Amino acid sequence: MTIDAARGTPRGTVAEPPPELVQLLTPDGRRVEHPDYDAVFTAQEVRSLYRDLVIVRRLDEEALALARQGELAVWPSLRGQEAAQVGSARALLPGDMAFPSYREHGVAWCRGVDPVRELGSFRGINHAGWDPREHNLHLPTIVIGSQVLHATGYAMGVQRDGAEDAVIAYFGDGATSEGDVNEAFAWAAVQNAPIVFFCQNNQWAISEPTERQSRVPLHRRADGFGFPGVRVDGNDVLACLAVTARALDDARSGLGPTLVEAFTYRMGAHTTTDDPGRYRPRAEAEAWLLKDPVDRVKTHLLSSGAADEAFLAEVEAEAARIGTDMRTRCRELPDPDLDELWDNVYAAEHPLVEDERARFAAYLASFEDVPR
Amino acid sequence: MSAEDLSLSRAMNEGLRKAMEHDPRVLVMGEDVGRLGGVFRVTDGLQKDFGESRVIDTPLAESGIVGTAIGLALRGYRPVCEIQFDGFVFPAFNQITTQLAKMRLRSLGMLELPVVVRIPFGGGIGAAEHHGESPEAYFTHTGGLRVVACSNPSDAYTMIQQAISCPDPVILFEPKRRYWDRARVELDTSGAVPLGRAVVARPGRDVTLLAYGPTVRTCLEAAQADGNRSIEVVDLRSLSPLDEETVLASVRKTGRCVVVHEAPVFSGYGAELAARITERCFYDLQAPVLRVGGFSTPYPPSRLERHYLPDLDRVLDAVDQTMAW
Ligand SMILES: Cc1ncc(C[n+]2csc(CCOP(=O)(O)OP(=O)(O)O)c2C)c(N)n1
Ligand SMILES: [Mg+2]
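Just so you know, the protein sequences line up as chains S and Z, in that order. Quick note: the first sequence uses this note's numbering, first residue 12, plus one each step. Quick note: the second sequence uses this note's numbering, first residue 324, plus one each step.
Keep in mind the hints are simulated off the structure, nothing from the lab. No experiment lies behind these values; they were computed from the predicted model shown. There may be inaccurate statements among the hints.
[To be verified] Just some of the chain Z residues that point at chain S, by a computed CB distance under 7 Å:
#1 Ser386
#2 Glu452
#3 His464
#4 Thr465
All residues carry an ideal CB built from backbone N, CA and C; glycine is no exception.
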């Protein structure tokens, strides 16, 4: 038997071509031009993007600490992906709808969701629990890829309404292998749906590197479905904003879907229950540190004179205040009432559910006189 | 061969290793099963020892995991698929129920698909949504699948080997909150209980508790804690087929029966047990078969799961009820 020789190099394997990476801000903070994206950013805009990046990172650090202290059961850190999330979410208009996975804390922040609301599911007190229409951010989806079809259907609705809105679906590199994601690509293409598929290629799906999912750069998946795909430096907030804004505009003006691959890196563990030491070299994360999404904006702000040290300190202080506030309010989040187990399972009272509720209440009451 | 003190996870790992050593056509495939060794470490070290051709870190696609396993089996391999968590088996549900389960019959018995699908199941680990489900009844409802559940390290070690050598597809449910339970495991499996059989995990006279997977330990603890009644605990081990002989013998002896599982009671596996026991030994019963289990709701957030999961008190409350009937 020769099974160990089975894995050869398949025909058609593409050695990674020089990536067509859209970049507007280099890792060392230099503003560069790109022929397709002649975006102009005012100093005020860059400062405001920086503020979001710093706050989002701070909230993530606080949440990680809360998880370590047992206040949260688990936390999937977004560290390293701040620019991809802030850049793309800031490109959205209020009427646009976003469909996140579980790691889009930065998107939630930019959509105006109270950070504490996002902690509920990680604390184990609810399964999300906000009205997506309030901020046009749908509930996070854990079953990989499912939300990409929902986003596509939502976009078809927008299209049928004759509305001007666009839709964005967030998912990871691993998710691109799921049937649901590929079905969404097929649907959106033939329906010409007003949607942006925003894939954060953070190089890892838990322990599996992107090569386990694809032999071609992920943005090129779009070719086969018949819509454009673009790879953007996911650690460059300006490029992420410009590329997403263009893709949203295209969707709005009837040009159909775009796949954006934000090339970035998951700096931390998959979640607080994961140990990346088991599967990836430390040096890899260290190399990505040099491309940090927050630092490069800071360098740019200072070197271009768009901000001074006083501004940076002010942002840090504000982020710290928001972080502390989230931490305090997280600890105060009440445990759910028992009744929440049966509430909201159906629109109206349901005999089975009410029977279970009543029986369980009676069961609990039976302990009341028993010293325990 | 000797016995070793092993966790359930480790015992499963050793069983897999033994099966892979024994038959070069046994493959392991799933998300994160290679380098990482699986999120519960069940496949720890296997890729290192057996290579990437036999221990495959698959693309993130469950339909693909089971669908390609079917193809590999058609080509003579014996794939063992890992589904990372219970809540993620559903993308593969189509392949399992419409293809895996039916191939033998469709080929008039000329084809067989010795595929094992391992699914960590059940709650109680404080995890997020979709990580605490008990979907076994969806599978026992499908003819053509064998559905089994282990409850302890010894059974993990033997059942995985038996499942792999079984000519039918086997869905193996593993009690994830019991992965770190330890016990002495006899490494010589020659005298092991066959795959389709239940065992009396604790003999008793007054009432029979029927359980599988994580609730076996719950029932054993309840039986132990109860000083007044003599409680028999039957570990079903196999849900499809059901070992009626062992179950009925126990219920005939005690005359009372409580089924305990984490899955919702309504339309759950316990409903089949209750109906079957009632049909087969109606006149031996002193009380109707009672069921303790989850509610007819989505699995709750972790801070409510202690209410949802059967515990000692709920089991003993049902014992009280059946005794007082
Ligand atoms: C259908 C499904 N299968 C498996 C899982 C378990 N799981 C959770 S996250 C993850 C990896 C996801 O990787 P990627 O899509 O790259 O997103 P990232 O976590 O890197 O943001 C896996 C396998 C799941 N949540 N859903
Ligand atoms: Mg990823």
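For each hint, the structure was consulted:
| no. | hint | result |
| --- | --- | --- |
| 1 | Ser386 | holds (5 Å) |
| 2 | Glu452 | holds (5 Å) |
| 3 | His464 | violated (19 Å) |
| 4 | Thr465 | violated (20 Å) |
Against the hints set out earlier in the document, violations occur for numbers 3 and 4.
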